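There are 2 protein chains.
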Amino acid sequence: MKFDITHKDPGSSARAGILQTDHGVIQTPIFMPVGTQGSVKSVHQEELKTTINADIILGNTYHLYLRPKTDILQKAGGLHKFINWDRPILTDSGGYQVYSLKGMRKITEKGVKFRSHIDGSMHFFSPESVMDTQREIGADIIMAFDECTPYPCDYKYARRSMHMTHRWLERCIKRFNETDPIYGYEQTLAPIVQGSTYTDLREMSAEYIAGTNMPINAIGGLSVGEPAEELYAMTEVVTNILPEDKPRYLMGVGLPENILECIALGIDMFDCVLPTRNARHGMLYTKNGVINMKNAKWKEDFSPIDVDSEAATSRDHTKAYLRHLFKVKEYLAMQIATINNLSFYLWLVRTAREKIQEGTFTQWKSVILPVITQRL
Amino acid sequence: MKFDITHKDPGSSARAGILQTDHGVIQTPIFMPVGTQGSVKSVHQEELKTTINADIILGNTYHLYLRPKTDILQKAGGLHKFINWDRPILTDSGGYQVYSLKGMRKITEKGVKFRSHIDGSMHFFSPESVMDTQREIGADIIMAFDECTPYPCDYKYARRSMHMTHRWLERCIKRFNETDPIYGYEQTLAPIVQGSTYTDLREMSAEYIAGTNMPINAIGGLSVGEPAEELYAMTEVVTNILPEDKPRYLMGVGLPENILECIALGIDMFDCVLPTRNARHGMLYTKNGVINMKNAKWKEDFSPIDVDSEAATSRDHTKAYLRHLFKVKEYLAMQIATINNLSFYLWLVRTAREKIQEGTFTQWKSVILPVITQRL
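Chains as they are written, first to last, in the working numbering: chain C, 42 to 417; chain L, 42 to 417.
Excised from the complex, chain C in its bound form (with noise of 0.2 Å):
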């Protein structure tokens, strides 16, 4: 794994950068798309690496963990085999699904008890059996067991959790240090920033994760119901102190202008479900502008869903069309809308970059933001 900035931004912290994996380059700043079980839903993979162009993809440990299992994953070599995507794939470490799973889980110093969605069945994660699960899944980079704390979060309950999230960490390090990967090619280790959205616990956590000087860093618990304002003060805070020349993840982030924002303090990479979630409940993300496609206004709109979209389904189709194929549910509404903001998502990072190749990110964002982000 290697990481070099190509380019930064002069009105801003925003940077560009190359990020060499085993299964090929990522160009940041870059958005991946959520893979929860294998799939990034309701598109092909081939779609995926030429309609979407997307860099690499996202799977989540915890469900992957549940079905197929690992001992599948282990027996078809891998995921990235498993599922056919020979581009590069970061695993979650489960932390944020089981905490979700309110009244089903147990936290301890020792790890998360937590009962199955699917059958009920008991589980338990610590920081060695996530390590020990992702080396199994085999994506390229791998997370840090951590608890994202909700929001709110009272002061004491948030660095209390930062600090065992700190402990866990040592515990991931640990195990991922005595363990190898178990299909021949590098994974890499990243650590989690936690501190809700208390500044003095930002700070505290991001220069404890600068200090364990892992190759990337990742902000965790954002994103989770805060304001904007508040995702926006916290991520700056903890890009002033992690270091410059690693990759930065800002984790489950988020609606576009959200991403143009944290880019620029620095932040280049990005996952999450909002494109592909929103997309099969008929929000659409265009170049124009966003469109609730299930509105009665579209009924006899037979102008493209997106005449400038990369995606041919977008261009091609009206939003009459797409607003029919919603209205009497039929999955190929899904198919268009989630190819249709995946592509917008990818196009949004991709120009990012070149505007900041070119050095006119900040003028460019304040330019398209009013446009992407109105209401069709």
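In short, the hints are calculated from the structure, not lab data.
Fair warning: this is a prediction, and the values are worked out from it, not measured in the lab.
C-beta atoms are modelled at their ideal positions from N, C-alpha and C, and glycine is treated no differently.
Heads up, some of the hints might be wrong.
Unchecked claim - Sample of chain C residues at the chain L side, in silico, Cβ under 10 Å: (1) Val84; (2) His104; (3) Ala117; (4) Lys122; (5) Val348; (6) Ile380.
Claimed, not checked - In silico DSS-like links for lysine-lysine, alpha-carbon gap of 27 Å or less: (7) C:Lys116 - L:Lys368; (8) C:Lys90 - L:Lys147; (9) C:Lys328 - C:Lys406.
Put chain L on the given structure of chain C with help from the hints.
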């Protein structure tokens, strides 16, 4: 509309032909994927054209009449433009759907009064209204309004119904001749032979339909639950009477074996929801046999879904992966399976056509049938 038979199989009544429409050529025998409400479920139009390479697809008048309604289709410039499909389309008459609305419809000589399955609103289809509706939809081939009798059906009902279908046909032809295509290209009306499973009724109906001298003739009321022997027997009775120089369309058929057997009896056109519906339930048709993809036996089978498939998604993904996608209910499961099945069906009729051209259809059929029908 022009039909030329280019080859006849020496060992059967199978023939290869070319049907010319204003939206392009249909090479027969052909299978027509069903695009019920403006979409072949879970398949992009582009995939239909490239990977699956469907010469023609179907639309359902009943569904399109209810949603998006024909005013929208007219404003869009017809169904082709609405769904962005520039190849031929055939629409059924809505008859089959309204008769399926048991307890929600009333059949009289005038037509059929029925309740929408969507909002319970009352509607009325008559031979005349169905012609008008199909003009508004704008398919290249449109179907006469008929009564599709169930199986089993008592003789008296079948005879009475058949006669009414014939009287309705006269009204369809009259209305069709009094009206013009709305969108500038030719539309062809196809009458439908009925008569349930009664040889004398089928003969009488086939003679009646042949006597109308329409450019395409269809056979309805089969594949509604009768044994395969009845299907073949009735098809043979009818194909022996319908004019040889016109395309014969066997509606709603069927399984791969039904299609090959009925090609041998002189059928040129088929449609059926089986490949698409069964795909969504995990039943896959391949060149090596039929696969129940949800079966536990595929759990660790890392061989391609169908190494010989025309579809890259079937060659590039494994059975274990597709089974996983079905188990976790990922949309991609249905997408991969549908593309697989339609690719198989189109491969089947296209290969049948090649073998007819080579004069080896009958031998090929006897070799291929046990292979493709075996359960894997």
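Consistency of the hints with the structure:
1. Hint on Val84 (chain C) holds. Least Cβ distance to chain L is approximately 7 Å, under the 10 Å limit.
2. Taking 10 Å as the C-beta contact cut-off toward chain L, the hint placing His104 (chain C) at the interface holds, the least distance being around 8 Å.
3. At a threshold of 10 Å, the smallest CB-CB gap from Ala117 (chain C) to chain L is about 6 Å, leaving the interface hint in force.
4. The interface hint given for Lys122 (chain C) is met, as the beta carbon of that residue sits about 8 Å from the closest beta carbon of chain L, less than 10 Å.
5. Hint status for Val348 (chain C): violated, given a least beta-carbon distance of 14 Å to chain L, over 10 Å.
6. Given the 10 Å rule on beta carbons, the hint for Ile380 (chain C) holds: about 9 Å separates it from the nearest Cβ of chain L.
7. Of the supplied pair hints, the one linking Lys116 (chain C) and Lys368 (chain L) holds, its CA atoms being roughly 18 Å apart against a limit of 27 Å.
8. Distance restraint check for Lys90 (chain C) and Lys147 (chain L): the Cα-Cα separation of roughly 53 Å exceeds the 27 Å cut-off, and the hinted pair is therefore not satisfied.
9. Under the criterion of a C-alpha separation no larger than 27 Å, the hint pairing Lys328 (chain C) with Lys406 (chain C) is consistent with the structure, at around 13 Å.
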